[in-house]
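**Q** Here is how the chains run, residue by residue.
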Amino acid sequence: MTLVLGVETSCDDTAAGVIRRRPDGACEILADVVWRQYDRHAPYGGVVPEIAARSHVERVDQVIVHALEKSGHIPADLDAVAATAGPGLIGGVMVGLTAAKAIALAHDKPLIPVNHLEGHALSARLTEAAPFPYLLLLISGGHTQLIAVAGVGRYRRLGSTIDDAAGEAFDKTAKLLGLGQPGGPRIESAAVGGRASRFRLPAPLARREGCDFSFSGLKTAVRLAAEEIGTPTGQDVADLAAAFQATAAAHLAARTGRAMDMVEADFGADPRLVVAGGVAANCAIKAALKELADRRGWRLIVPPPKYCTDNGAMIAWAGAERLAAGLVPSLAEALAFAPRARWPLAPPPPGRAHGGGRKGPKA
Amino acid sequence: MPALPNDDFGAKDRTMIVLGLDTALKACSAAILKDGAPLARTSAPLERGHAERLAPMVAGTLAAAGLSARDIDRVGVVVGPGTFAGVRVGLAFARGLAVGTGIEAVGVTSLAALAAGIATATAPLRAAVIDARRGQVYAALYDAALVPRLEPFVAAPEEALRRLMDAAGGAAVALAGDGVAPMGPAPKGWIAEGGPDVIDAMAVARLAAGAARPEAPPAPLYLRPPDARPAAAAAFAGLLARGDAP
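If you're matching them up, the sequences are chains A and B in order.
In this text, residue positions in the first sequence follow the working numbering: the first is 17, and each later residue adds one.
In this text, residue positions in the second sequence follow the working numbering: the first is 355, and each later residue adds one.
Check the hints yourself; a few may be wrong.
What the hints assert, rightly or not - Selected chain B positions facing chain A (in silico; Cβ < 7 Å):
no., residue
1, Arg402
2, Glu406
3, Ala409
4, Ala446
5, Gly454
6, Ile457
7, Leu577
8, Pro579
9, Ala582
Stated by the list, open to error - Cβ pair distances, simulated, as ranges:
no., chain 1, residue 1, chain 2, residue 2, range
10, A, Ala92, B, Met370, 35 to 45 Å
11, A, His82, B, Pro579, 48 to 58 Å
12, B, Asp532, A, Ser205, 20 to 30 Å
Stated by the list, open to error - Negatives, chain B to chain A, calculated, CB over 10 Å:
no., residue
13, Ala398
14, Ala405
15, Arg407
16, Asp427
17, Ala439
18, Val453
19, Thr476
20, Glu512
21, Arg516
22, Asp532
23, Ala535
24, Pro541
25, Pro571
26, Ala573
27, Pro574
28, Asp581
These aren't lab readings, by the way, just hints derived from the structure by calculation.
Remember, predicted model here, so these are calculated numbers, not experimental data.
Every residue gets a Cβ at the ideal spot worked out from N, C-alpha and C, and that includes glycine.
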């Protein structure tokens, strides 16, 4: 039995979780505490890094105390401490990682700096038996990637977005339709009364090989359609939201289908598709992926919504998996670990030239 | 390493071991004070990167003192004003240590820590002034017992000098900190180089040791609002900064 505390502060959620990993590899979530900063950022129309950093340092210790209390354990009981060390907003990552360093040092316990994307990549195994290998579709406000997961620490990136992340596209589209934030849930509820077929939005990257994603053209198409209407009524907005959501869902499913082609030969008789990240909570997207998985004979695994969005339990779990696999730095190395704004989980596929950015790949 | 039992554990006046930390300005420092006597001290000049230096430095300082982190009874930390990121690293560490071991974390301002480095005999009053960049300084005025006469504030250097003079009411002031020079020539009778530019973590430990039991965890003293504009311009800044994973 290994008892692990996980701390997550990479965006606008201050989170801590306590999990126990049983010798058979099963996970027991003892506590999962998230303090959402949403209200503090709302006036600015998006996450403000300095406000996020200030909020994390104000609460992270209390969130940790709350999680430990809920778990029924004291810090001395812990076998290890895990914390998100990147990628993310550096001011927040610094706060959570530093607090975790202090707790690990205080009890001479291993400290595991966790890649936030690895937290999402392994999150399906928090609540379900999801044996390796599996295909991971990671869709969140900051990331959109398809990754072949062969084991803990063994990731191969098959594709990723060349412009906006999926969640970012929902946020931007919600904003231009005047639906407010957070964009995902707002578009989803607006789309309920909408007719997707009224607008024919172009399918992104329809003739492009591989399984990269693109969302910025789709967002522009929605803007142009809205401008053509002039002053959209509630029904226009509902129809546009439905069309956007349906096209985004179809795009995600189409590219995931291509990734299935790439790995199917190696995945055996019971291939699995895992979807993680906040956008996985969207029902239309889940339905499109379910249809794809059923049609292809794959098993679809989607963690419960609270483990799709940022949380401390998944970071604790990634730490526990690393500990079990022997992939843990010495305490001295971990105490000196520098928080990282950018930290790709896996290198981009060979031949990928676009989307690097001045400081290299973002994630 | 198992906790080293205090040899007088349980005695009426048992020892008090205080860890002092500073990451607020251009250095990273840790010091350990035992019953008012310095045990170990480490400091390195550092503009940025406190998040990777502080924890190993604390571990090294504890080892030099022959102590484990669980021997610490109280942690004192500089809460600012200073660099926002530096202040947060110090506070996150101190508060993490506090919740990890059940000890108290006590906040000390950078200005009080600097003023503590001024010899008491030099003048009846002491002021610390720190270069806050963007054409401003952080400043505060204290009496000989380090009781604030003027609480920490941020202002243009000439405005800061005027406020310090008003509050001093004609008494001589000894100055410390790298914000003294930007204020221009010191008034007659004042001592411009009364103390250090660099915070001594041992002074932080001493101030924390003498402080009353805190009612709440220490919080940052920024003295400046976050750089953020409502709505449009700032929209999506966070998501973009986080990266869309190309």
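**Q** Against the earlier hints, flag every one the structure doesn't satisfy and list their numbers going up.
**A** 1, 6, 7, 8, 10, 11, 12, 14, 15, 17, 18, 25, 26, 27 and 28
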